[in-house]
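Participant: Spelled out, the chains give:
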Amino acid sequence: MNGTTVPAIKNLYQIERNMPTLKIPTPLRVYAQGQALVVLQGATVGEAMQSLIDQFPTLKQHLYNSDGNLRPFVNIFLGENNVKDLQGMDTPLPENAQLLLIPSIAGGTGDTNQFKASGVS
Amino acid sequence: MALPEISREEILRYSRHLLIPEVGMEGQRKLKAASVLVVGTGGLGSPVALYLAAAGVGHLGLVDFDVVDRTNLQRQVIHGTSTVGMLKVESAKQRLLDLNPDIQVDVYNEPFNSQNARRIAADYDIILDGTDNFPTRYLTNDLCVLTGKPNVYGSIFRFDGQVSVFDARRGPCYRCLFPEPPPPGLVPSCAEGGVLGILPGTIGTLQATEALKLILGIGDPMIGRLLLYNALDSSFDFVKLRKNPNCKVCGDNPTVTDLIDYYEFCGVPGLNHDEGSAGEGWDITATELADRLHEKAAPMLLDVREPHELEISHLEGAKLIPLGQLAARLSELDTAQDMVVFCKGGTRSARALELLISAGFRKVKNLQGGINAWANQVDQNMPVY
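Sequences listed follow chains L and G, in order.
Per the working numbering, the very first residue in the first sequence carries number 3; after that it's consecutive.
Per the working numbering, the very first residue in the second sequence carries number -17; after that it's consecutive.
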């Protein structure tokens, strides 16, 4: 369904080696021009996330509350660590930093049908 | 407690297990003595229950409150065309006992909630989360924390899957990672559903594997680790999960000390959002709409589905603005014009209505039951999906 994913993966080989990258989960790719992986700029997690929002402004409302804090059902991981367990948005990024965006997901049956049941993924 | 004996017939059935030293006779007896409650007999619950039954887990519990529907069969492989219309728990039990008549399968055809969860779960060692909505997911998590049981977690969305084992006695719980559920209508967690039919198979079999490892006491269960699978990218990522000392249910000063029923998470309609309704006074039925469209001052039709859904069905002359884009495209709409908003089943359009009303629109109605209601009540040639 997402025709631009393959080119986005190919871009991996074109990026400058030391730039941070962020992997976008499928539900959010529609707000990132269909890309699976985006190249970011910045020396900290916060700066990299800002460069993400600069590139894809409509992502902002899905990731941040109106007070500017990351929504409680979204996590950012640097490598295998939650940035909350590091220095949060001030966490410095090493070269080739790989960021992951992890939202909570619930299932996926569609709209009204699932409501008949307590559990039918 | 002494482990149960394995019969001669069972030795034959489980011979490929008995050949693995990590399982062997003792492991097979542990499996026979084990009990697992599978919450949900849908996409995730199907492979989980099938494989646990095949593996010889002696006592399985199945909770669901639904009947088998044709749209389930794309992924819910425990059911079949011949069981469409049957209670899901009965359909599943029938299949499991055909696969393995030596096990005990108990079924609970009731909505899993704060009133019955403790009773239902009491007889089981392991709880397996095969739900598709946030209220049941948080309930399952809290139940496991409060009763000291492992929660074998799996979740899916379109092409993404997540797996972990949450055991608050030995590691973090689901709330440590996601303290709060998403409010209604927000992407990523609440984007319109849909799932690649095979994905729950991939994720469910990983859950079943974790449950088996817990029972057998072998390997390294996914406690404190979360697996992220993306079917499009063919990628598996592992991340570390830490216990959150401020966790509301398993932290140092918990505020969640009993089970809660949530109504207002996304994925489940609020009290006024049942079955594709926007609430009293805000709905229009498909037949009413058909009449209104013949009038001179016919309302404008606003379709808030995704573009690819138009290939399945559409209403002539409707303007398409997917729900996710609506907030940014309000300027394209006229507050003075009568408008009927619709989606597939009436849930997204009810969300859209909330957004429109909060932005000052008053002459808006929700097509109750969505375009599928139109297909059922007005245009019989239109497919229902």
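In short, the hints are calculated from the structure, not lab data.
Mixed in with the good hints there might be a few duds.
[Claimed, not checked] The list that follows gives simulated cross-link-like pairs (lysine-lysine, DSBU-like), each with its CA atoms no further than 35 Å apart:
id : chain 1 : residue 1 : chain 2 : residue 2
1  : L       : K25       : G       : K345
2  : G       : K278      : G       : K345
3  : L       : K62       : L       : K86
4  : G       : K131      : L       : K25
5  : L       : K25       : L       : K86
6  : G       : K225      : L       : K62
7  : G       : K230      : L       : K62
8  : L       : K62       : G       : K345
9  : L       : K62       : L       : K25
10 : G       : K195      : G       : K230
11 : G       : K230      : L       : K86
12 : G       : K131      : G       : K222
13 : L       : K86       : G       : K345
14 : L       : K25       : G       : K225
15 : G       : K131      : G       : K230
16 : G       : K301      : G       : K345
17 : G       : K75       : G       : K195
18 : G       : K222      : L       : K86
19 : G       : K301      : L       : K25
20 : G       : K131      : G       : K278
21 : G       : K225      : L       : K86
22 : G       : K278      : L       : K25
23 : G       : K195      : L       : K62
24 : G       : K222      : G       : K195
25 : G       : K301      : G       : K278
26 : G       : K75       : G       : K131
27 : G       : K278      : L       : K62
28 : G       : K131      : G       : K195
29 : L       : K25       : G       : K75
30 : L       : K86       : G       : K195
Computed from a predicted model, the values in this text were never measured in an experiment.
Participant: Each hint needs a verdict: does it hold in this structure or not?
Facilitator: Here's how the hints hold up against the structure:
Restraint check for K25(L) and K345(G): the C-alpha separation of about 41 Å exceeds 35 Å, so the hint is violated. The hinted pair formed by K278(G) and K345(G) meets the criterion: a straight-line CA distance of about 16 Å does not exceed 35 Å. A distance of roughly 19 Å separates the Cα atoms of K62(L) and K86(L); the hinted pair therefore holds under the 35 Å criterion. Between K131(G) and K25(L) the CA atoms are separated by roughly 33 Å; this keeps the pair inside 35 Å, and the hint holds.
Among the hinted pairs, K25(L) with K86(L) is consistent with the structure: their alpha-carbon atoms are about 18 Å apart, no more than 35 Å. Of the pairs offered as hints, the one joining K225(G) and K62(L) holds, with about 28 Å between alpha carbons and a cut-off of 35 Å not exceeded. Note on K230(G) and K62(L): the hinted pairing holds, with a Cα-Cα distance of about 27 Å set against a maximum of 35 Å. Restraint check for K62(L) and K345(G): the C-alpha separation of about 30 Å stays at or below 35 Å, so the hint holds.
A hinted pair counts as satisfied when its Cα atoms are at most 35 Å apart, and K62(L) with K25(L) qualifies at roughly 16 Å. A distance of roughly 28 Å separates the Cα atoms of K195(G) and K230(G); the hinted pair therefore holds under the 35 Å criterion. Of the supplied pair hints, the one linking K230(G) and K86(L) holds, its CA atoms being roughly 16 Å apart against a limit of 35 Å. With a C-alpha separation of about 21 Å, the suggested pairing of K131(G) with K222(G) holds against the 35 Å cut-off.
Among the hinted pairs, K86(L) with K345(G) is inconsistent with the structure: their alpha-carbon atoms are about 45 Å apart, more than 35 Å. Between K25(L) and K225(G) the CA atoms are separated by roughly 24 Å; this keeps the pair inside 35 Å, and the hint holds. Our distance criterion of 35 Å between C-alpha atoms is met by K131(G) and K230(G), whose separation comes to about 17 Å. Our distance criterion of 35 Å between C-alpha atoms is met by K301(G) and K345(G), whose separation comes to about 16 Å.
Restraint check for K75(G) and K195(G): the C-alpha separation of about 23 Å stays at or below 35 Å, so the hint holds. For the suggested pair K222(G) and K86(L), the alpha carbons sit about 12 Å apart, so the restraint of at most 35 Å is met. Between the alpha carbons of K301(G) and K25(L) the distance comes to roughly 33 Å, so the proposed pair stays at or under 35 Å and holds. For the proposed pair K131(G) and K278(G), the alpha carbon gap of about 63 Å is over 35 Å, so the pair is violated.
Among the hinted pairs, K225(G) with K86(L) is consistent with the structure: their alpha-carbon atoms are about 12 Å apart, no more than 35 Å. At roughly 51 Å between alpha-carbon atoms, K278(G) and K25(L) are farther apart than 35 Å, so this suggested pair is violated. Proximity of K195(G) to K62(L) is assessed by CA-CA distance (about 40 Å); at most 35 Å being required, the pair is judged violated. About 19 Å separates the Cα atoms of K222(G) and K195(G), which keeps this hinted pair within 35 Å; it holds.
Restraint check: the Cα-Cα separation between K301(G) and K278(G) comes to about 19 Å, which is no more than 35 Å; the hinted pair holds. Between K75(G) and K131(G) the CA atoms are separated by roughly 24 Å; this keeps the pair inside 35 Å, and the hint holds. Between K278(G) and K62(L), the direct Cα distance comes to roughly 42 Å. Violation of the 35 Å bound is thereby established for this hinted pair. A hinted pair counts as satisfied when its Cα atoms are at most 35 Å apart, and K131(G) with K195(G) qualifies at roughly 15 Å.
Under the criterion of a C-alpha separation no larger than 35 Å, the hint pairing K25(L) with K75(G) is inconsistent with the structure, at around 40 Å. Among the hinted pairs, K86(L) with K195(G) is consistent with the structure: their alpha-carbon atoms are about 30 Å apart, no more than 35 Å.
Violated hints, listed in ascending order, are 1, 13, 20, 22, 23, 27 and 29; each of the other numbered hints is respected by the structure.
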